[in-house]
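Engineer: Single-letter residue listing:
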Amino acid sequence: MAEEVRFMQGNEACTEGAIAAGCRFYAGYPITPSTEIAEHMSDKLPRVGGKFIQMEDEIASIAAIIGASVAGVKSMTATSGPGFSLMQEGIGYACMTEIPVVIVDVMRGGPSTGLPTKASQGDVMQARWGTHGDHYLIALAPESVKETFYLTIKAFNLSEKYRVPVVLLMDETIGHMREKVVLPDYSTIHVENRLTPIVPPEWYKPYEITTDFITPMAPFGTGYRYNITGLTHDEMGFPTNNEYEIVRKMDKLRDKIERARHNIEDYETFYTDDANTLIIAYGSVARSAKEAVLNMRAHRRKVGLFRPITLWPFPEKALQELMKKVDRVFVAEMNQGQLIHEIQKIECYHKRIYGINRYDGEMITPNQIISKIREAR
Amino acid sequence: MKQPIVLTYLRAKKRFPHVWCPGCGHGVVMGSLIRAIDKLGLNKDEVAMVSGIGCSSRMTAYVDFNTLHTLHGRPIAFATGLKLGNPKLHVIVITGDGDATAIGGNHFIHAARRNIDITVILMNNAIYGMTGGQISPTTPHGGRGSTAKVGNPEHPFDIPKLAIAAGASFVASTTAYHVPAMDRLIMQAIQNKGFSLVEIYSQCPTYEGKWNKRGDAPQMLKYYKEHAVPITAKNKYSPEELKDKFFIGVFHNERKPEFVEEYEKVIETMQVQEKLKQLSKKEASDESQGKKQEETKTGKD
Numbered sequence: 003m004a005e006e007v008r009f010m011q012g013n014e015a016c017t018e019g020a021i022a023a024g025c026r027f028y029a030g031y032p033i034t035p036s037t038e039i040a041e042h043m044s045d046k047l048p049r050v051g052g053k054f055i056q057m058e059d060e061i062a063s064i065a066a067i068i069g070a071s072v073a074g075v076k077s078m079t080a081t082s083g084p085g086f087s088l089m090q091e092g093i094g095y096a097c098m099t100e101i102p103v104v105i106v107d108v109m110r111g112g113p114s115t116g117l118p119t120k121a122s123q124g125d126v127m128q129a130r131w132g133t134h135g136d137h138y139l140i141a142l143a144p145e146s147v148k149e150t151f152y153l154t155i156k157a158f159n160l161s162e163k164y165r166v167p168v169v170l171l172m173d174e175t176i177g178h179m180r181e182k183v184v185l186p187d188y189s190t191i192h193v194e195n196r197l198t199p200i201v202p203p204e205w206y207k208p209y210e211i212t213t214d215f216i217t218p219m220a221p222f223g224t225g226y227r228y229n230i231t232g233l234t235h236d237e238m239g240f241p242t243n244n245e246y247e248i249v250r251k252m253d254k255l256r257d258k259i260e261r262a263r264h265n266i267e268d269y270e271t272f273y274t275d276d277a278n279t280l281i282i283a284y285g286s287v288a289r290s291a292k293e294a295v296l297n298m299r300a301h302r303r304k305v306g307l308f309r310p311i312t313l314w315p316f317p318e319k320a321l322q323e324l325m326k327k328v329d330r331v332f333v334a335e336m337n338q339g340q341l342i343h344e345i346q347k348i349e350c351y352h353k354r355i356y357g358i359n360r361y362d363g364e365m366i367t368p369n370q371i372i373s374k375i376r377e378a379r
Numbered sequence: 005m006k007q008p009i010v011l012t013y014l015r016a017k018k019r020f021p022h023v024w025c026p027g028c029g030h031g032v033v034m035g036s037l038i039r040a041i042d043k044l045g046l047n048k049d050e051v052a053m054v055s056g057i058g059c060s061s062r063m064t065a066y067v068d069f070n071t072l073h074t075l076h077g078r079p080i081a082f083a084t085g086l087k088l089g090n091p092k093l094h095v096i097v098i099t100g101d102g103d104a105t106a107i108g109g110n111h112f113i114h115a116a117r118r119n120i121d122i123t124v125i126l127m128n129n130a131i132y133g134m135t136g137g138q139i140s141p142t143t144p145h146g147g148r149g150s151t152a153k154v155g156n157p158e159h160p161f162d163i164p165k166l167a168i169a170a171g172a173s174f175v176a177s178t179t180a181y182h183v184p185a186m187d188r189l190i191m192q193a194i195q196n197k198g199f200s201l202v203e204i205y206s207q208c209p210t211y212e213g214k215w216n217k218r219g220d221a222p223q224m225l226k227y228y229k230e231h232a233v234p235i236t237a238k239n240k241y242s243p244e245e246l247k248d249k250f251f252i253g254v255f256h257n258e259r260k261p262e263f264v265e266e267y268e269k270v271i272e273t274m275q276v277q278e279k280l281k282q283l284s285k286k287e288a289s290d291e292s293q294g295k296k297q298e299e300t301k302t303g304k305d
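Chains as they are written, first to last, in this note's numbering: chain A, 3 to 379; chain B, 5 to 305.
Heads up, some of the hints might be wrong.
[Unchecked claim] Looking from chain B toward chain A, a few residues come up when the C-beta cut is under 8 Å (computed):
{"id": "1", "residue": "Ala-65"}
{"id": "2", "residue": "His-73"}
{"id": "3", "residue": "Leu-75"}
{"id": "4", "residue": "Gly-85"}
{"id": "5", "residue": "Gly-155"}
{"id": "6", "residue": "His-159"}
{"id": "7", "residue": "Val-270"}
{"id": "8", "residue": "Ile-271"}
{"id": "9", "residue": "Met-274"}
{"id": "10", "residue": "Glu-278"}
It should be emphasised that the hints constitute simulated quantities derived from the structure, not laboratory data.
Here a beta-carbon is modelled for each residue, glycine too, at the ideal position from N, C-alpha and C.
All chains should be built: construct the whole structure from the sequences, respecting the hints.
Structural biologist: What follows is the structure in structure tokens.
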């Protein structure tokens with residue numbers, strides 16, 4: 003396949019990215035505004051030999067993709083806020099058992115049924131802390147249709163590499179927006195595949211604590227018979243109540259992400275070199291923020307933008323460095339203030355931090371950002 | 005010399021003692037399941053056992069297959085993904101009455117509706133054992149448990165009827181007393197291409213027996229012996245005689261298109277469509293290129 007120019011929706015770009023990354027199983031349940039992902043997957047997957055199934059609910063969807071991933075197939079599901087809440091137990095299971103899956107959450111207004119057709123960024127904290135217990139996962143937020151394509155591929159690559167569930171946090175605006183995308187030749191895309199064991203079955207430890215905390219994963223049916231359980235388990239995958247084993251397992255789950263932060267974390271800076279005012283925005287809001295930066299730069303105001311691409315783990319170090327240099331920080335998000343807490347947490351230079359929030363279902367406009375910055379002297 | 009069956013199929017060195025109480029029926033079911041798999045001569049690497057949460061679901065840790073111990077109520081949903089991911093696997097779901105019909109009721113009926121090739125071994129002890137004897141959806145009306153001390157005001161599920169109505173292609177029921185029948189029924193269920201259910205009444209002397217004053221394990225097994233009536237002998241008894249009896253045996257067995265096979269057909273159809281689409285695209289582009297070439301030629305002339 004050669005390079006192809008397409009005009010498409012964010013949701014469709016997500017499915018193209020998934021297929022390019024090697025996704026061959028999708029289980030989902032219809033929910034606005036993510037339904038187009040299911041529709042496109044049901045059409046595209048069989049054409050490349052993959053499988054699509056519409057499950058009875060979101061709990062079953064996450065369960066089915068974990069099941070398929072255990073069989074060695076790259077799998078994904080897509081949903082929105084209410085369905086994402088239902089999936090949380092399954093996400094915790096995938097964290098504990100270290101099974102790679104990708105969950106797309108096209109965020110809509112909440113809580114509860116909320117605003118099904120309106121944009122929001124209300125699931126940022128749910129993505130990180132939705133399931134119970136200490137756990138570590140990765141969440142990515144795209145700002146355009148094109149980036150949705152590439153971040154979906156990245157989501158699969160990270161998931162396969164670190165054996166961890168990865169959440170792609172799109173917002174309704176990105177999901178339903180149509181833009182031009184140049185799809186590359188799929189054979190040129192870098193695709194990561196999970197490590198499989200090279201030792202004979204009798205030597206295989208399914209949860210062995212290796213130097214980088216990532217253990218090769220044997221698909222079911224390949225001769226490596228082992229136990230997978232959501233109970234806290236030892237290196238052999240069997241339930242344990244031994245304090246030493248429990249701590250080792252919990253540390254493994256943390257350290258495989260924490261120690262690879264520098265490889266996982268991703269962000270974009272925009273006119274930040276000489277900025278004294280910093281806007282922090284992600285997802286579709288970052289587009290308004292960029293417009294605002296350009297507009298204010300035209301008026302010789304030194305404004306810059308920091309856009310985290312990986313929301314979790316949050317690119318703390320990079321932002322801390324930037325915050326040293328600026329006087330004021332504005333955090334623009336389509337909720338009552340969620341990621342701002344993360345920024346307040348790492349802030350140790352006594353900078354003023356302002357939130358620019360909107361939660362009426364409409365996008366934050368460049369003007370709203372500009373006027374807020376002008377107001378706060 | 006042939007190795008004893010226990011050493012061949014159990015993780016004998018690693019995983020014992022087991023969690024089941026003395027007198028529990030689940031071990032009998034495990035033995036029966038292993039004998040059935042052995043008789044069918046299935047490759048251990050191609051057997052995947054998926055279980056949920058509960059006493060019965062702990063079985064997966066003890067048997068030497070590909071074992072997946074999942075979330076409460078969700079084993080059938082996990083099994084659906086696993087089966088689609090690798091259709092060569094014989095997927096067996098180990099579940100209990102609470103796991104399959106309370107929290108997992110939705111997945112149970114929908115997997116039956118799809119008729120996906122999964123074998124569900126449902127151990128029905130009419131109580132939540134692991135959490136300490138609460139009533140379950142199969143506790144009879146008036147039955148007692150730690151959450152219904154003066155008797156259950158609710159009515160129980162008839163699991164085989166539920167499965168048949170939902171579209172399962174093989175439905176059978178037996179008890180922990182009728183072991184040879186259990187071996188046979190499990191074998192039949194695994195061989196059936198489609199959603200198969202074997203419901204097994206399994207005694208819980210620790211909680212169900214205690215709360216309902218049904219005595220110890222032998223007494224409970226005796227109850228199964230005396231009150232179970234083979235479904236084939238249904239007509240031999242008068243309605244009065246059948247009043248406090250329950251049926252065992254094969255309730256339902258029909259051949260029906262199986263989901264994974266049906267989906268393979270979908271893949272085939274869509275791939276043919278895709279090929280045709282690409283061919284017509286290629287032809288169209290060839291034609292337009294041909295025209296262009298002609299045009300440029302005439303232009304030159």
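Engineer: It remains to establish, for every hint, whether it holds in the given structure.
Structural biologist: Verification of the supplied hints:
Here the hint on Ala-65/B is kept, as its CB sits about 6 Å from the closest CB of chain A, short of 8 Å. The restraint placing His-73/B at the interface with chain A holds, with a minimum CB-CB distance near 4 Å, inside the 8 Å limit. Because the smallest distance between the Cβ of Leu-75/B and any Cβ of chain A comes to about 6 Å, under 8 Å, the interface hint for this residue holds. Interface restraint check for Gly-85/B: the shortest CB-CB distance to chain A comes to about 3 Å, inside 8 Å, so the restraint holds.
A hinted interface residue such as Gly-155/B counts as satisfied when its beta carbon comes closer than 8 Å to some beta carbon of chain A; here the least separation is about 32 Å, so the hint is violated. Annotation: His-159/B was flagged as interfacial toward chain A, and the flag is violated, the nearest CB pair being 24 Å apart, outside 8 Å. For the restraint placing Val-270/B at the interface with chain A, the shortest Cβ-Cβ distance is roughly 6 Å, inside the 8 Å limit, so the hint holds. Restraint check, Ile-271/B versus chain A: the minimum CB separation of about 4 Å is within 8 Å; hint holds.
Below 8 Å, beta-carbon pairs count as interface contacts, and Met-274/B has one with chain A at about 4 Å; its hint therefore holds. Interface hint at Glu-278/B: satisfied, since its Cβ lies 4 Å from the closest Cβ of chain A, which is below the 8 Å cut-off.
In summary, the numbered hints that this structure violates are 5, 6.
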